[in-house]
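K.L.:
Heads up: the sequence shown is residues 1 to 457, going by the working numbering.
If you're looking for bench data, these hints aren't it; they were derived computationally from the structure.
Note that CB positions come from ideal geometry on N, CA and C, so glycine has one too.
Treat each hint with caution, since some may be false.
Pairs of lysine to any residue, SDA-like flavour, derived with a Cα cap of 20 Å [unchecked claim]:
#1 118 with 50
#2 289 with 279
#3 12 with 457
#4 118 with 23
#5 398 with 139
#6 387 with 10
Distance ranges between label pairs, derived from CB positions [what the hints assert, rightly or not]:
#7 232 with 298: 20 to 26 Å
#8 426 with 100: 37 to 43 Å
#9 233 with 76: 31 to 37 Å
#10 204 with 129: 20 to 26 Å
#11 59 with 138: 44 to 50 Å
#12 301 with 455: 43 to 49 Å
#13 142 with 204: 34 to 40 Å
#14 20 with 76: 54 to 60 Å
#15 278 with 233: 32 to 38 Å
#16 446 with 59: 17 to 23 Å
#17 47 with 394: 26 to 32 Å
#18 118 with 431: 55 to 61 Å
#19 204 with 302: 27 to 33 Å
#20 177 with 149: 15 to 21 Å
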Amino acid sequence: AGLVSAAACHAKGMKVAIFEQASSYAPYGGPIQIQSNALRALQRINPRVFEELLAAGTCTADRVSGLKIGYRKGNKLAGLYDAGDWLVRFDTIGPALEAGLQPTVVVDRPVIQQILVKYGFPEGTVRIKSRIESYEDLGNGRGVCATLEDGTKAYADVLIGADGVWSQTRKIMHGLGDGAGGFAASGAAGGALDDAEARKLARDTVKIAAKADRRYSGFTCYAALADHRASNIEDVSYQILLGEKKYFVSTDGGGERQQWFALIREPAGGVDPEPTAEDPTPKLTRLRKEFAAVGTGMKDEDGNEWDPFALELINAATEDDIKRRDLYDGAPLLTTFNPQRLLSPWARGPVALCGDAAHPMMPNLGQGGCQATEDSYRLVEELSNVKHTKDIPGALGKYSRVRVIRTAIVQGFAQLGSDLLVDFDLMMTIPLLGPFFLTMTQLSMPWILRFLYTPEF
1 AGLVSAAACH AKGMKVAIFE QASSYAPYGG PIQIQSNALR ALQRINPRVF
51 EELLAAGTCT ADRVSGLKIG YRKGNKLAGL YDAGDWLVRF DTIGPALEAG
101 LQPTVVVDRP VIQQILVKYG FPEGTVRIKS RIESYEDLGN GRGVCATLED
151 GTKAYADVLI GADGVWSQTR KIMHGLGDGA GGFAASGAAG GALDDAEARK
201 LARDTVKIAA KADRRYSGFT CYAALADHRA SNIEDVSYQI LLGEKKYFVS
251 TDGGGERQQW FALIREPAGG VDPEPTAEDP TPKLTRLRKE FAAVGTGMKD
301 EDGNEWDPFA LELINAATED DIKRRDLYDG APLLTTFNPQ RLLSPWARGP
351 VALCGDAAHP MMPNLGQGGC QATEDSYRLV EELSNVKHTK DIPGALGKYS
401 RVRVIRTAIV QGFAQLGSDL LVDFDLMMTI PLLGPFFLTM TQLSMPWILR
451 FLYTPEF
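The task is simple: from the sequences and hints, build the whole structure.
P.N.:
Structure representation (structure tokens):
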């Protein structure tokens with residue numbers, strides 16, 4: 001969100017500086033789906049960035065997506081399904097073309113960063129090792145003073161907090177307690193953490209989340225990007241294998257790679273054993289048991305034999321490829337009776353929140369980064385109408401009011417989706433209810449996609 005916001009500001013003739021807490025833009029993190037709505041926002045912000053991303057990306061909208069049952073389930077009254085049978089199928093290209101939008105592409109995170117840094121704003125805009133520790137609203141249109149971790153002070157008309165789910169800017173804006181902002185392990189895409197750091201942060205994150213008023217989703221997530229040409233690559237771009245207390249997501253990562261996520265329902269703060277001589281690959285060992293495949297002679301702890309596709313992708317990854325994170329999200333609004341916060345939920349004075357800092361969400365819809373891109377576009381559109389710095393708080397308040405309803409709906413769909421995905425297993429055994437639920441899901445998907453793929457936000 002920070003890079004896109006900076007590009008949008010520069011495109012409107014604003015001077016911008018990015019304070020990046022990382023020591024460098026290291027090449028880490030998996031591919032990102034830039035869905036049709038986000039592509040339209042990027043096209044409006046900077047056509048050159050849009051064109052470069054399309055050229056670098058792999059189209060994933062040209063094949064089927066949907067939900068499959070992970071293992072044999074059901075009965076004669078509710079319907080009997082074998083492992084890997086389709087439950088719901090949909091395409092994303094139809095709703096995109098109906099709205100006059102570019103179909104979804106997948107692009108590697110480092111490539112997105114490089115394109116934005118090269119074409120989005122002038123050289124020298126990004127200042128690494130520059131974590132914002134606090135800020136002060138100077139009042140009366142005089143802007144804001146941000147204090148960096150090293151004591152350096154930076155003055156600006158506007159501060160945009162695009163600093164993630166554990167946002168320090170959000171902590172200060174909403175007066176949250178010590179420890180509510182900072183580093184923590186979260187997100188499905190993984191990152192540059194090694195296993196030792198991840199084990200420590202998994203425990204620390206539970207404490208940070210409580211202070212930051214973030215919701216633990218109930219799921220821990222194993223994620224990897226496997227250098228592997230999937231057996232279904234010609235026909236399927238995205239699928240979810242459903243099961244009891246867990247599900248397995250896979251998507252085309254471009255370049256004959258598959259990005260996959262194994263989401264397992266369990267308490268927060270769990271960690272995997274350290275590697276030993278007896279078990280040098282504890283993450284792989286667990287996942288091979290959780291998704292034991294038909295034909296291997298093994299079953300998961302509930303006695304189920306999974307569609308072999310999950311194990312195909314798990315076995316294509318190495319132990320070091322696999323990153324584990326607990327997934328956290330939260331309501332766009334904190335529980336509050338403060339009228340100011342209701343009128344301007346993500347902004348106060350000359351400071352605004354953007355992206356995960358405002359509305360962290362589960363990864364099921366692939367809309368986290370897309371909604372952050374929409375945020376960046378709308379925020380800067382409102383700022384571009386400002387004639388005097390005294391009008392900045394009003395513009396930022398309007399931005400947050402416009403965006404909060406749409407993002408709350410998307411966030412709600414993502415939260416509900418995670419809970420329903422692991423309940424499909426039960427529904428497959430209930431006469432009438434199971435078939436009805438599947439039919440309604442199938443019928444609703446085009447409407448959900450039409451809501452997501454809008455050219456106006």
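K.L.:
Does each hint hold? Answer for all of them.
P.N.:
Structure-based check of all given hints:
{"no.": "1", "hint": "118 with 50", "verdict": "holds (13 Å)"}
{"no.": "2", "hint": "289 with 279", "verdict": "holds (14 Å)"}
{"no.": "3", "hint": "12 with 457", "verdict": "holds (18 Å)"}
{"no.": "4", "hint": "118 with 23", "verdict": "holds (18 Å)"}
{"no.": "5", "hint": "398 with 139", "verdict": "holds (19 Å)"}
{"no.": "6", "hint": "387 with 10", "verdict": "holds (17 Å)"}
{"no.": "7", "hint": "232 with 298: 20 to 26 Å", "verdict": "holds (22 Å)"}
{"no.": "8", "hint": "426 with 100: 37 to 43 Å", "verdict": "holds (40 Å)"}
{"no.": "9", "hint": "233 with 76: 31 to 37 Å", "verdict": "holds (35 Å)"}
{"no.": "10", "hint": "204 with 129: 20 to 26 Å", "verdict": "holds (21 Å)"}
{"no.": "11", "hint": "59 with 138: 44 to 50 Å", "verdict": "holds (47 Å)"}
{"no.": "12", "hint": "301 with 455: 43 to 49 Å", "verdict": "holds (47 Å)"}
{"no.": "13", "hint": "142 with 204: 34 to 40 Å", "verdict": "holds (37 Å)"}
{"no.": "14", "hint": "20 with 76: 54 to 60 Å", "verdict": "holds (59 Å)"}
{"no.": "15", "hint": "278 with 233: 32 to 38 Å", "verdict": "holds (36 Å)"}
{"no.": "16", "hint": "446 with 59: 17 to 23 Å", "verdict": "holds (19 Å)"}
{"no.": "17", "hint": "47 with 394: 26 to 32 Å", "verdict": "holds (30 Å)"}
{"no.": "18", "hint": "118 with 431: 55 to 61 Å", "verdict": "holds (58 Å)"}
{"no.": "19", "hint": "204 with 302: 27 to 33 Å", "verdict": "holds (32 Å)"}
{"no.": "20", "hint": "177 with 149: 15 to 21 Å", "verdict": "holds (19 Å)"}
This entry satisfies every hint, going by the numbered hints stated previously.
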